[in-house]
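Heads up: the sequence lines are chains A and B, in that order. Heads up: the first sequence runs through residues 6 to 424, numbered per the numbering used here. Heads up: the second sequence runs through residues 2 to 100, numbered per the numbering used here.
Hint data in this document are derived by calculation from the structure and do not stem from the laboratory. Treat the hints with care, as some may be off.
Now the in silico label distances, taken between C-beta atoms and shown as ranges [unchecked claim]:
1. Leu78/B <-> Glu59/A: 45 to 51 Å
2. Val69/B <-> Glu106/A: 33 to 39 Å
3. Gly60/B <-> Gly71/A: 37 to 43 Å
4. Arg27/B <-> Asp135/A: 30 to 36 Å
5. Thr420/A <-> Gly60/B: 18 to 24 Å
6. Asp404/A <-> Tyr8/B: 40 to 46 Å
7. Ser15/B <-> Tyr72/A: 33 to 39 Å
8. Leu19/A <-> Ser15/B: 58 to 64 Å
9. Pro28/B <-> Asp135/A: 32 to 38 Å
10. Lys295/A <-> Arg27/B: 49 to 55 Å
11. Ser15/B <-> Ala18/A: 51 to 57 Å
12. Pro28/B <-> Met285/A: 53 to 59 Å
13. Asn107/A <-> Asp29/B: 34 to 40 Å
Now the stretches of chain A that chain B is said to cover, found in silico as 3 or more residues with beta-carbon under 8 Å [claimed, not checked]:
14. 255-267
15. 308-321
These numbers come from a predicted model, not from an experiment. Every residue gets a Cβ at the ideal spot worked out from N, C-alpha and C, and that includes glycine.
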Amino acid sequence: MAEYSAFSLLRNALSGNRDWKPAWRKPSPKASYDVVIIGGGGHGLSTAYYLAKEHGITNVAVLEKGYLGSGNVGRNTTAVRSNYLLPQNTRFYEHSMKMWENLSHELNYNVMFSQRGVLNLAHTPGQLDDLARKGNAMRHLGVDAELMTPAQIGRRVPGLDMSQSARFPVYGGLIQESAGTARHDAVAWGYARGADRRGVDIIENCEVTGFLRDGDRVTGVTTSRGEIRARKVAVAVAGSTGRVMQLAGIERMPIESHVLQAFVSESLKPFLDTVVTFGMGHFYVGQSDKGGLIYGGDLDGYNSYAQRGSLPIVEEVMSEMLALFPSLATVRVLRSWGGVCDMSMDGSPIITTGPLPGMYLNCGWCYGGFKATPASGFCFAHTIARDAPHDLNAPFTLDRFSRGTVIDDKGQGPTPRMH
Amino acid sequence: MLITCPYCGPRDVSEFAYQGDGNRNRPDPASTDLVAWNAYVYDRLNPAGAHNEIWQHAGGCRAHLAVVRDTLTHEILSVRFAREKGAPAHGRRKSGAKA
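The following block holds chain B by itself, in its conformation from the complex (with noise of 0.2 Å):
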């Protein structure tokens, strides 16, 4: 499996480690919600198809990458940035956060 790294290309999946769901949504960290922090902790969408989940580039640039990929047939269907905006916000850094 190749992921294509926005920034310094496609590389082996060996170079990266998987960071996990990325359709999760952390609550608000005052947020006293049980609900919607258990769903955040436990609960997970498991789609056979498309996926959207955060890798991270660990043997390369080190960039967390929003991966939207095929669970069926491992296909790597878009690769961008996790700090952007539109990516899943699991990985999604907050505004104003240092680079």
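Bound conformation, chain A alone (with noise of 0.2 Å):
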């Protein structure tokens, strides 16, 4: 049955709106259960409610350092798509993009999924020659993906600066036009809500201190609210994975802690119904429905822990936008920040089981980690209730660096921060 509705909203709306039930409960942690979620992040708590929902598996505690959905969830762009140029990737995130699109109804919760498309603008005939590349292998998997004239571009995206004066005049353009932007907060409150209601216990301000082992099985951890053991424990914890498993003694990973920020503009009318990436540089902008632009740019670009940036990325990302959107030279910045990246080797995801007994991980998403929410969680949920990975997820082991079947889609070589 569903909770939001709109009778009830209207029959909350009549009672003083004092009847609404918390979203989710606050249970004290148990001593023990059959699954464990180290991470209550979106990954984490999508793959608490695929494991209830798809697996029955119920006896799940979700563990979170901080409050829900303060982590990169709440810290994104907000941006879902699928357009890559392998296989392996293009076939997860079409399967997530499927998933999106459903997953209001499912959740029976509004994230504001809006399938308003994302634009690649090349500027140079090269560029367009590689954009026709990837759409081209995007269409081969069934994607959508279309090349866009320099005229079409300026109908779709009345802002930009399309004259020949532009610092990187535009020479074409690649669309997705299923792609778009959803609410993130909403996303973890949704899931958050599915899973609480299916059993899952979502534990706040636990933070996880320590591993408990039996020779090398994972059979539980200890956190700042006790003991609690677990006959799987999952680690979903983005930009803390090199921290968490050095606590249960991984010293190395092939995981690099980065900075990434994110911007929002002062509200606008309707200005960008589309979501827009630059070619000669890292930068893409969208607009909420709140009406803030929401941009951001490169990686500040040396390892960090720290959910902050520094100037001089501000100052190139501001720079970028004014080289496609001149008039946004008087818009202000409402407000920025920073979000931890688990920038992988080969800029693609790993979620697998192990690397000990007993422990699943899930992590390297680099910085397009909220598009693939729905489809991680449903892979992480097989891979943990299975003990093997779901055919989506079976490319993305952790040792396919050591066996050479790395997923590079930028072709960028181990160098984390370049992807």
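Hints are included, so try docking the two chains, each in its own frame, into the full complex.
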């Protein structure tokens, strides 16, 4: 039975909104669970949800160090897309896209998924050739992609500087019309409520301080709220992967943590009804339903666990925005923030059993984890429940680096800050 | 963030190019030890706290520097030339190499 409906809104409005149930309980941790998931972000919560829904495993705890949604799920720039070159990535992210399309209905929670398109701009003939290649690779796997001429782009994005005197004149672009944006907080809250209603304990302000071991096997965790035993321990901690794995005695991982900044402008009238990315730098911008422009650019470029960025990148992002949209020069920045990204060595994620017996690992999302939230949870839950990966995440192993089966979409090599 | 180049003095971070993790140990080029090469290429210490790293003063004297920096606060704890004895092996010159 749907908790949120026009009828329930009306009924609760008439009773002064005093009868709403909290979206999730605040349980104390039990002594043991079948599955403990470390990390109450988007991926941890969706994993718990699909464990309960798809596999009937409800004796599950999600441990969150801070409050729910305080990490990257509440800090990203909300874009959802599946425009990848390599089939392993395209299949996985397109599966995620299909899940996004039904997610509000599935969760009975409006995640405000809006398929407004993501447009990648090209500024040189070479870039356009490259986008055409990517578009063909996407279409080959059933994902929509269309090349656009400058005239079409000018009509689609009226604010864009299409003149030949632009710093980097627009030469063309590739659009994925089915891509778009979603309300990131609602995704966390929707999954949290869905998991909670199926019996999952979501335990906030509970920091994992160590792992319980029986020989090699992981048998639980020690936390700031006591010991919790578990048959299976799943790690989904994004930027904190290095720290948490060190608690398990694994000193080195194919991961570097980097900080990525994002910005929101003051609210404007409707200005941009798609997401645009710049080809001559690293910049992307969309407009929220509230009117603020949400935009960002490159990583700060050096290892960081600080959830804040430095000024050179602020300057770079602003100048890139003005290279595309000179009319935004007088628009004020409302706020900016930084999130810690788990940059993997090939730019692709890791969803796998291990590396220790009793442990399951989900990491390496670089700065693209938000759009993966449904499929990541779906695949990770499958991996945990069956002790074997789903077809979709079978390529995303931890040992692919030593086996020479890396999935390097950009062909960038093992320099994480370049992915 | 200011990095104090031992040659040029304190300079803005935008003058420097980040060369990455200084904790990696490059195996002997003649080595065929796959495990050691794999660890060198792909595995990172990635600490939250003091981190050995290599920077190049690309917009200045072009020296390679061994920097210890706190990844939680961005505080620079020490800077020295990467070629010096005791600097992380990844940035160190081979003995006998020309200056």
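Verification of the hints:
1. Checked against the hint of 45 to 51 Å, the C-beta distance between leucine 78/B and glutamate 59/A comes to roughly 48 Å, which is consistent with it.
2. As the Cβ distance of valine 69/B to glutamate 106/A is approximately 49 Å, the hint placing it in 33 to 39 Å is violated.
3. The hint said 37 to 43 Å for the Cβ distance between glycine 60/B and glycine 71/A, and at roughly 38 Å that hint holds.
4. At about 33 Å, the beta-carbon gap between arginine 27/B and aspartate 135/A stays in the expected band of 30 to 36 Å.
5. Judged by the Cβ atoms, the range 18 to 24 Å given for threonine 420/A and glycine 60/B holds: they are separated by roughly 20 Å.
6. For the pair aspartate 404/A and tyrosine 8/B, the beta carbons lie near 43 Å from each other, so the given range of 40 to 46 Å is met.
7. Checked against the hint of 33 to 39 Å, the C-beta distance between serine 15/B and tyrosine 72/A comes to roughly 35 Å, which is consistent with it.
8. At roughly 59 Å, the beta carbons of leucine 19/A and serine 15/B sit within the given window of 58 to 64 Å.
9. Checked against the given bound of 32 to 38 Å, the beta carbons of proline 28/B and aspartate 135/A, roughly 35 Å apart, stay inside it.
10. Between lysine 295/A and arginine 27/B the C-beta distance comes to about 51 Å, which sits within the given range of 49 to 55 Å.
11. The hinted range of 51 to 57 Å is satisfied by serine 15/B and alanine 18/A, whose Cβ atoms lie roughly 54 Å apart.
12. The beta-carbon spacing between proline 28/B and methionine 285/A, approximately 38 Å, falls outside the hinted interval of 53 to 59 Å.
13. The hinted range of 34 to 40 Å is not satisfied by asparagine 107/A and aspartate 29/B, whose Cβ atoms lie roughly 55 Å apart.
14. Figure legend: the segment 255-267 of chain A, annotated as covered by chain B; annotation consistent (7 residues with Cβ-Cβ distances under 8 Å, at least 3 required).
15. Counting residues of the segment 308-321 of chain A whose CB lies closer than 8 Å to any CB of chain B gives 6, which reaches the minimum of 3, so the coverage claim holds.
Hint compliance for this structure: hints 2, 12, 13 are not met, and every other hint is.
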